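Q: Here is how the chains run, residue by residue.
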Amino acid sequence: MRGAPIRVLVVDDSALMRKLIPQMLEADESIEVVGTALDGNFCLKKIDDLRPNVVTLDLEMPGMNGIETLKEIMRRRPVPVIVFSSHSTEGASVTLKALGLGAFDFLTKPKDASAHMVETGRELIAKVKAAAECKLKPRLLPGIIPRPEKQALTAATVPTKVVAIGISTGGPQALEYLLSQLPGDFPGTVVVVQHMPEGFTEMFARRLDEISPLRVKEAQSGDLLQAGRVLICPGSRHLKVRRMPMADIAVLTDDPRVNGHRPSADVLLRSVGEEFRNQAVGLLMTGMGDDGAEGLGTIKKYGGLTIAQSEDSCVVFGMPKAAIERGYAARVISLDVLSATLQAVCNRNGNGEAAVGKGMQAGN
Amino acid sequence: MSHPPDERGAEMRELFYETSQELLQALNDEALKLEKSPGDEEIVRGIRRAAHTLKGDSAACGFRELSELAHRFEDALSVDGAAANPAVAEIAFQAADVFAEMIAAYRGGSKMPLTTNLSKKIKALTAGPTAKKSRTRKAKSIAKSVEWTEYEKLAMTRAQASGQDVLHVLVKIDQHCAMPIAARQLVQNAVSTMGPVIAVRPETNSPAAARQLEFVVASVQTAEQISAKCKIPTIVEEVTVEMLFPASAPAAPPSAPSAPAMEEAKVSETPSVVEAVPATALPPPPQAEPVIVPAPMENILRVDAGRIDNVLNLVGELIIGKSMLQQALSEFAKRFPREGLRSKFSDAMAFQARVLNDLQRSVMKIRMVPVEQLFRRFPRMVRDVARQCGRDVELVLSGQDTDLDKGILDAIAEPLTHMVRNAVGHGIEPVEERSQHGKPPRGTVRLNAYHQGNHVIVEVSDDGRGMDVQKIRAKAIELGLVSSEEAGRLSDPEVMDFIFRPGFSTAEQVTEVSGRGVGMDVVQSVLHRLKATISVETHPGRGTTFRLKLPLTLAIIKALLFWVERRLYAIPLNAVLEIARTTEAEVHQVDNYEVLQLRNQVLPLLRLGRPPAAEADSAHSKLFVLVITVGERKYGLIVDALDGEEELVIKALDDQTFSTDLVSGASILGDGRVVLILNLPAVVEHVARSRPQTSGNVSSGLLLSSTDRLRLAMGAQGGQA
Numbered sequence: 001m002r003g004a005p006i007r008v009l010v011v012d013d014s015a016l017m018r019k020l021i022p023q024m025l026e027a028d029e030s031i032e033v034v035g036t037a038l039d040g041n042f043c044l045k046k047i048d049d050l051r052p053n054v055v056t057l058d059l060e061m062p063g064m065n066g067i068e069t070l071k072e073i074m075r076r077r078p079v080p081v082i083v084f085s086s087h088s089t090e091g092a093s094v095t096l097k098a099l100g101l102g103a104f105d106f107l108t109k110p111k112d113a114s115a116h117m118v119e120t121g122r123e124l125i126a127k128v129k130a131a132a133e134c135k136l137k138p139r140l141l142p143g144i145i146p147r148p149e150k151q152a153l154t155a156a157t158v159p160t161k162v163v164a165i166g167i168s169t170g171g172p173q174a175l176e177y178l179l180s181q182l183p184g185d186f187p188g189t190v191v192v193v194q195h196m197p198e199g200f201t202e203m204f205a206r207r208l209d210e211i212s213p214l215r216v217k218e219a220q221s222g223d224l225l226q227a228g229r230v231l232i233c234p235g236s237r238h239l240k241v242r243r244m245p246m247a248d249i250a251v252l253t254d255d256p257r258v259n260g261h262r263p264s265a266d267v268l269l270r271s272v273g274e275e276f277r278n279q280a281v282g283l284l285m286t287g288m289g290d291d292g293a294e295g296l297g298t299i300k301k302y303g304g305l306t307i308a309q310s311e312d313s314c315v316v317f318g319m320p321k322a323a324i325e326r327g328y329a330a331r332v333i334s335l336d337v338l339s340a341t342l343q344a345v346c347n348r349n350g351n352g353e354a355a356v357g358k359g360m361q362a363g364n
Numbered sequence: 001m002s003h004p005p006d007e008r009g010a011e012m013r014e015l016f017y018e019t020s021q022e023l024l025q026a027l028n029d030e031a032l033k034l035e036k037s038p039g040d041e042e043i044v045r046g047i048r049r050a051a052h053t054l055k056g057d058s059a060a061c062g063f064r065e066l067s068e069l070a071h072r073f074e075d076a077l078s079v080d081g082a083a084a085n086p087a088v089a090e091i092a093f094q095a096a097d098v099f100a101e102m103i104a105a106y107r108g109g110s111k112m113p114l115t116t117n118l119s120k121k122i123k124a125l126t127a128g129p130t131a132k133k134s135r136t137r138k139a140k141s142i143a144k145s146v147e148w149t150e151y152e153k154l155a156m157t158r159a160q161a162s163g164q165d166v167l168h169v170l171v172k173i174d175q176h177c178a179m180p181i182a183a184r185q186l187v188q189n190a191v192s193t194m195g196p197v198i199a200v201r202p203e204t205n206s207p208a209a210a211r212q213l214e215f216v217v218a219s220v221q222t223a224e225q226i227s228a229k230c231k232i233p234t235i236v237e238e239v240t241v242e243m244l245f246p247a248s249a250p251a252a253p254p255s256a257p258s259a260p261a262m263e264e265a266k267v268s269e270t271p272s273v274v275e276a277v278p279a280t281a282l283p284p285p286p287q288a289e290p291v292i293v294p295a296p297m298e299n300i301l302r303v304d305a306g307r308i309d310n311v312l313n314l315v316g317e318l319i320i321g322k323s324m325l326q327q328a329l330s331e332f333a334k335r336f337p338r339e340g341l342r343s344k345f346s347d348a349m350a351f352q353a354r355v356l357n358d359l360q361r362s363v364m365k366i367r368m369v370p371v372e373q374l375f376r377r378f379p380r381m382v383r384d385v386a387r388q389c390g391r392d393v394e395l396v397l398s399g400q401d402t403d404l405d406k407g408i409l410d411a412i413a414e415p416l417t418h419m420v421r422n423a424v425g426h427g428i429e430p431v432e433e434r435s436q437h438g439k440p441p442r443g444t445v446r447l448n449a450y451h452q453g454n455h456v457i458v459e460v461s462d463d464g465r466g467m468d469v470q471k472i473r474a475k476a477i478e479l480g481l482v483s484s485e486e487a488g489r490l491s492d493p494e495v496m497d498f499i500f501r502p503g504f505s506t507a508e509q510v511t512e513v514s515g516r517g518v519g520m521d522v523v524q525s526v527l528h529r530l531k532a533t534i535s536v537e538t539h540p541g542r543g544t545t546f547r548l549k550l551p552l553t554l555a556i557i558k559a560l561l562f563w564v565e566r567r568l569y570a571i572p573l574n575a576v577l578e579i580a581r582t583t584e585a586e587v588h589q590v591d592n593y594e595v596l597q598l599r600n601q602v603l604p605l606l607r608l609g610r611p612p613a614a615e616a617d618s619a620h621s622k623l624f625v626l627v628i629t630v631g632e633r634k635y636g637l638i639v640d641a642l643d644g645e646e647e648l649v650i651k652a653l654d655d656q657t658f659s660t661d662l663v664s665g666a667s668i669l670g671d672g673r674v675v676l677i678l679n680l681p682a683v684v685e686h687v688a689r690s691r692p693q694t695s696g697n698v699s700s701g702l703l704l705s706s707t708d709r710l711r712l713a714m715g716a717q718g719g720q721a
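Sequence lines, in order, name chains A and B. Note that the first sequence covers residues 1 to 364 in my numbering. Note that the second sequence covers residues 1 to 721 in my numbering.
Where hints are given, some of them may not hold.
Chain A residues, not near chain B, derived (Cβ > 10 Å throughout) [unchecked claim]:
#1 30
#2 53
#3 117
#4 123
#5 247
Now the in silico label distances, taken between C-beta atoms and shown as ranges [unchecked claim]:
#6 A:29 <-> B:355: 51 to 59 Å
#7 A:303 <-> B:161: 55 to 63 Å
#8 B:40 <-> A:26: 51 to 59 Å
#9 A:202 <-> B:119: 20 to 28 Å
#10 A:202 <-> B:185: 47 to 55 Å
#11 A:68 <-> B:350: 52 to 60 Å
#12 A:45 <-> B:368: 25 to 33 Å
#13 B:108 <-> A:325: 54 to 62 Å
#14 A:202 <-> B:222: 19 to 27 Å
#15 A:68 <-> B:111: 41 to 49 Å
#16 B:40 <-> A:197: 31 to 39 Å
#17 B:368 <-> A:26: 29 to 37 Å
#18 A:51 <-> B:355: 35 to 43 Å
#19 A:26 <-> B:108: 56 to 64 Å
Think of the hints as simulated: they come from the structure by calculation, not from any bench. These figures come from a predicted structure and were not determined experimentally. The beta-carbon is built from N, C-alpha and C at its ideal position, and this holds for glycine as well.
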């Protein structure tokens, strides 16, 4: 084993979980669970005493609940926090709130955990490791001011370009920022695969809709790709696009997982590339793993524009890195100029080159 | 059911069985609180949290059914305004019961209990005051097949604008049709001849064979023509064609097709009707309550009780070893009175004895748990029983932090439950009766626990109608338990003791008359096994108190050893008040009772041995009388000689070795001798019960001969050890 182990504090009000989670984590040699806490107060105290590298946090706790605890952690001594909570209707909005407050990532306790124990354990370990490596920056993004003024839906809503985004860990915050920056008359249409389990995406889309001038919704089969619209792929389904005689539409499928993911960014990007050719814009943003890299390659092959988010603005520089390394990213662009770039690329009259100067040319 | 096969899974499930009891308790507690302050959102959050954790934990163990049910319950409570629903507390109680049954079923590998009733109520919860929200949800799931996609709506609008009618075609495939998939194709072909098909439900790629097909078709044909075209004999049973949007009706947005929307509304409205029905159902009887296990806290080690018993057993062996050493030492001292080593030995002995004492006490302490663990199940139970009987009862708990041996605590759970039920159901009067007597309408049942010397007292008291001593006296005479002459002489407490007699209290009329005491003989027999005593104090019109006197522990006692007819016996030292010397001449007979006048009081005597021979000289033979207390009463125990005081480690006797309740256990002394420990409450009762019919002396003989067999068995055991 190289280096010091990753010190993890497990916070959960269930005695069973306080036993189970450490067992799951310590299956990996490089992780050491240094303590457990049953509520927020204990958690804060133990963070002071034990100085963990990563905290796993349950959101439903008596006394000081997860959200308050998270606020305190971020205020006092920021530590990467992975929200590990069981899924519930209310859980979705709370979880998204937690991500908004700076939680590194989240994972839901599976409904039938005994069957997925090994899988969940592996996922949790991966997230803990990613969290331990991340440089926890103080919020890189300026406060987002909700801009709810929406453009009226007009008949002439055929989009200029189809922007396909693949995004994972660190995504919710980055997407919130990006979509709040795009103007209401954005002429392109946006389709998004955010790795997120079932039940979260609807809430997530609603939240994005509140802060973005664009119209954001969770995609349903048959939804029209319209200018100024953002469709978020629902958890546990795949999103594809299809050109139809009367309009272009989104199609959801229940095909098997790709790269271990459903939704998979590869599925979306490939489909957008194949259907829209040079009208396609592929964008890979922050996230673990390499889902979407090959899809970005497809877009590139068919003459679309491919963009990877730059390392300095990623929470986890995994997916963009994979695409850059394989030579699929035509441009590498920082989050703060992404919206300007997309606007320039999609603008009806512009040639799309105006924004290039702000971005960086890809290394290879 | 898929369980993780490995050991870890088993461990996990064990942990779940334990921790889940906590959660169920929390559920019950919160529900009780909610009943007191209805609509309190904080409490409802607590209930939801318990359901939430239960859901997560059970999922982790692969208990899918439980997890799903808990999930639904949690979700129902998450709906806005759920807290305001008055049914929440009741449902939480029921949920706690059903969850407990499910957990028991998982644990025992038995059949899952029915959960439909609970599911219905949970569903009704969401349909109650928040019908609006649930309706939109249902619309999505149930009526999914009639929601058109954006593209389909667009196609409808376009068709309409181009001068076509948009029609909805519902086709029912004949039930007897053998090939529904082929039938579907035929119908679809027929529909498409009428014009472009905009939408099909179920969707074209769906694998399931549907008996009902829906199409949206843009057509210039009339509804009748379409219907005729689609009615394929032997395949189609029924066709319904309905106009969705007539051609070129300008700018009618193709939203909300009317017919299906109405259907949805109906669907979501029915559950609110259902709600009222099950809410009145009574909760299941609380006997099925789970045994409550210790509260888990951080830094607490959960240990199997068996392991602690093991340690305690070993400590017991050590104590026997200590007395062996002591005996050896005193022999040594006698043989070598001048030997200087003696004092070294005795110093070491004293030191060892002290440590052993501490060790014993520490181990005993491990077994001690606060009675809180037992008490906390009662609020829920009292509430349920009060409801069943239509009483208004408040339960007041005190002394919850009094510690008691876990074994004893578990053993008294049932008798105590029984007594509390009686107190609520029979002791407390109905509200009208209480107000007639000028009492507050709400009755009070108290549970109290406290230490008293080497005992723990647990009291169950109520402020109800009390018991009528005269009626019990009359009943005892009627049942032939006592002659009317004798009955007249008995004190009130003595009369009250009759309610513990088997057969007495089960008589139904008595229940009505005295209003109390059903099954008290069962209570009594459990208590005997524990060497515990029970007494009752009642004041007509003011209430009744049952007082359990429990030993602190069952394992080790300080005992007084004595001889009867050259056999060695022991009784707990703390039962002995004093030791008196007397002669046979001072023993008097009063109606078959042997009594002794000791200073100012008359003591009933218990004779374990045979009566003295009738010869004159025996009148002067010396006797020892041990004055003992059993319950609240005093007796004299006639013994031949005293042996001494000793700390005894009680070896439990299994029923196969010996079946009498006169002896509560046996012990092996340092020199290997076997001593039987008498169960005083049982001895007293045995003698008292047999007295009126026989002369007490014969029964005493029975005691001795029967214990001999036991002694033989124990002797054999001791020899091996």
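Q: Could you run down the list of hints and mark each one as holding or not?
A: Now the hints, each set against the structure:
1. 30: holds, 21 Å
2. 53: Correct as stated: the minimum Cβ-Cβ distance to chain B is 22 Å, above 10 Å.
3. 117: At about 6 Å from chain B, residue 117 (chain A) fails to clear the 10 Å cut-off, so the statement is violated.
4. 123: holds, 15 Å
5. 247: violated, 6 Å
6. A:29 <-> B:355: 51 to 59 Å: violated, 43 Å
7. A:303 <-> B:161: 55 to 63 Å: Cβ of residue 303 (chain A) to Cβ of residue 161 (chain B): about 35 Å, so the range 55 to 63 Å is violated.
8. B:40 <-> A:26: 51 to 59 Å: violated, 41 Å
9. A:202 <-> B:119: 20 to 28 Å: holds, 24 Å
10. A:202 <-> B:185: 47 to 55 Å: Once the Cβ atoms are compared, 35 Å apart, the range 47 to 55 Å for residue 185 (chain B) and residue 202 (chain A) is violated.
11. A:68 <-> B:350: 52 to 60 Å: holds, 58 Å
12. A:45 <-> B:368: 25 to 33 Å: holds, 30 Å
13. B:108 <-> A:325: 54 to 62 Å: The hinted range 54 to 62 Å holds for residue 108 (chain B) and residue 325 (chain A), with Cβ atoms some 57 Å apart.
14. A:202 <-> B:222: 19 to 27 Å: With Cβ atoms ~41 Å apart, the hint is violated.
15. A:68 <-> B:111: 41 to 49 Å: holds, 43 Å
16. B:40 <-> A:197: 31 to 39 Å: 32 Å Cβ-Cβ, so the 31 to 39 Å window holds.
17. B:368 <-> A:26: 29 to 37 Å: For residue 26 (chain A) against residue 368 (chain B), whose Cβ atoms are near 34 Å apart, the range 29 to 37 Å holds.
18. A:51 <-> B:355: 35 to 43 Å: holds, 42 Å
19. A:26 <-> B:108: 56 to 64 Å: violated, 32 Å
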